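All chains, please: the whole structure from these sequences, using the hints.
Numbering (the working numbering), first residue to last: 328 to 640.
Read the hints as simulated data drawn from the structure, not as lab findings.
Warning: the hint list may mix true and false statements.
Computed list of lysine-lysine pairs in PhoX-like fashion (alpha-carbon distance at most 20 Å, straight line) [said to hold, decoys possible]:
{"id": "1", "residue 1": "Lys589", "residue 2": "Lys608"}
{"id": "2", "residue 1": "Lys412", "residue 2": "Lys355"}
{"id": "3", "residue 1": "Lys611", "residue 2": "Lys547"}
{"id": "4", "residue 1": "Lys472", "residue 2": "Lys412"}
Note that the structure is a prediction, hence the values are computed from the model and not measured.
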Amino acid sequence: MTDATLHEAYDSALPGEAQFGDYLALLKPRVMSLVVFTALVGLIVAPGSMHPIEAFASVLFIAIGGGASGALNMWWDSDIDAVMKRTQGRPIPSGRVGRDEALAIGLALSGFSVVMLGLAANAAAAAGLAFTIFFYVVVYSMWLKRSTPQNIVIGGAAGAFPPMIGWIAATGTLSIEPVLMFLLIFMWTPPHFWALALFMRSDYDDAGVPMLTVTHGRRKTRAHILAYTLLLCPVALALAFSPVGGPATLATAILCNAWFVKGAVTLWRRDEEIAAADGYKAEKSVFRFSLLYTFAHFGALLVDAALRTGGLI
328 MTDATLHEAY
338 DSALPGEAQF
348 GDYLALLKPR
358 VMSLVVFTAL
368 VGLIVAPGSM
378 HPIEAFASVL
388 FIAIGGGASG
398 ALNMWWDSDI
408 DAVMKRTQGR
418 PIPSGRVGRD
428 EALAIGLALS
438 GFSVVMLGLA
448 ANAAAAAGLA
458 FTIFFYVVVY
468 SMWLKRSTPQ
478 NIVIGGAAGA
488 FPPMIGWIAA
498 TGTLSIEPVL
508 MFLLIFMWTP
518 PHFWALALFM
528 RSDYDDAGVP
538 MLTVTHGRRK
548 TRAHILAYTL
558 LLCPVALALA
568 FSPVGGPATL
578 ATAILCNAWF
588 VKGAVTLWRR
598 DEEIAAADGY
608 KAEKSVFRFS
618 LLYTFAHFGA
628 LLVDAALRTG
638 GLI
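So this is what it looks like as structure tokens:
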């Protein structure tokens with residue numbers, strides 16, 4: 328689909344009156360929930376202590392920065408969002424929020440969140456948040472997403488930065504533990520999104536987004552899902568054996584990665600005709616599980632932190 332056709336599809340959206348929920352949706356609250364949770368975990372498991380008010384403010388401003396990224400992403404992608412079934416109901420393509428308004432909100436929240444995080448925590452954390460917003464909006468949304476099938480591989484780094492920012496907010500420094508948290512999300516992102524792309528390929532075809540399923544086909548995508556899932560396992564185990572890990576993280580890593588690998592092998596073996604005939608049930612199952620995967624690992628880190636605080640490990 329040409330850029331002209333994409334803009335025609337966007338321009339045909341019917342205008343409507345924006346409600347509070349539309350502005351909230353503009354910030355991608357589901358994506359923000361992962362940002363908030365992983366940043367919070369990174370801050371909590373970091374060594375030392377941080378005043379509760381400063382900690383709350385830091386996580387809040389990281390969340391606002393994540394929301395700002397979402398608003399700027401929706402502003403830039405409003406043309407392709409208008410032709411993808413999964414995104415047609417978003418505030419901009421539906422006509423409830425204007426593109427200029429979304430841009431203004433995104434830029435204002437970006438500046439506000441970075442400055443306030445610097446005041447609440449430290450300049451290093453603020454710089455990390457600023458770089459994350461830049462990476463997601465410019466490097467991923469504006470450059471990688473529409474130019475290469477490796478878009479989600481490289482671009483996945485944007486969603487992996489929050490636990491590092493939380494750690495830096497608490498300590499002012501960086502070490503191996505937040506790097507492992509970063510790598511866990513970074514390696515998890517490709518199989519997570521490629522599982523979605525297997526049963527949503529037509530959306531990416533219509534929008535002209537070079538997702539791996541579009542450029543190399545579903546068979547190659549299935550092989551990539553298996554490869555990245557296998558590479559994810561040692562990262563999860565390394566995190567479990569790191570100073571912030573423990574029995575809960577180790578048990579979670581073993582169980583979740585065993586299930587994830589089993590699901591990836593199932594997808595790799597799947598015949599395309601059978602998958603299409605049953606409505607891509609296995610693919611949807613793996614995608615749904617992947618949504619829980621990261622939350623489970625970071626939740627386990629909190630459990631192990633509590634066990635250490637109580638002197639149980």
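Given pair status - Lys355, Lys412, alpha carbons within 20 Å: holds, 17 Å
Hint consistency between Lys611 and Lys547 [alpha-carbon to alpha-carbon, up to 20 Å]: Given that 20 Å is the threshold and the Cα spacing comes to 18 Å, the pair holds.
Distance restraint between Lys472 and Lys412, which requires alpha-carbon spacing of 20 Å or less: holds, 18 Å
Distance restraint between Lys589 and Lys608, which requires alpha-carbon spacing of 20 Å or less: holds, 15 Å
Every hint, counting from the list given before, is met by this structure.
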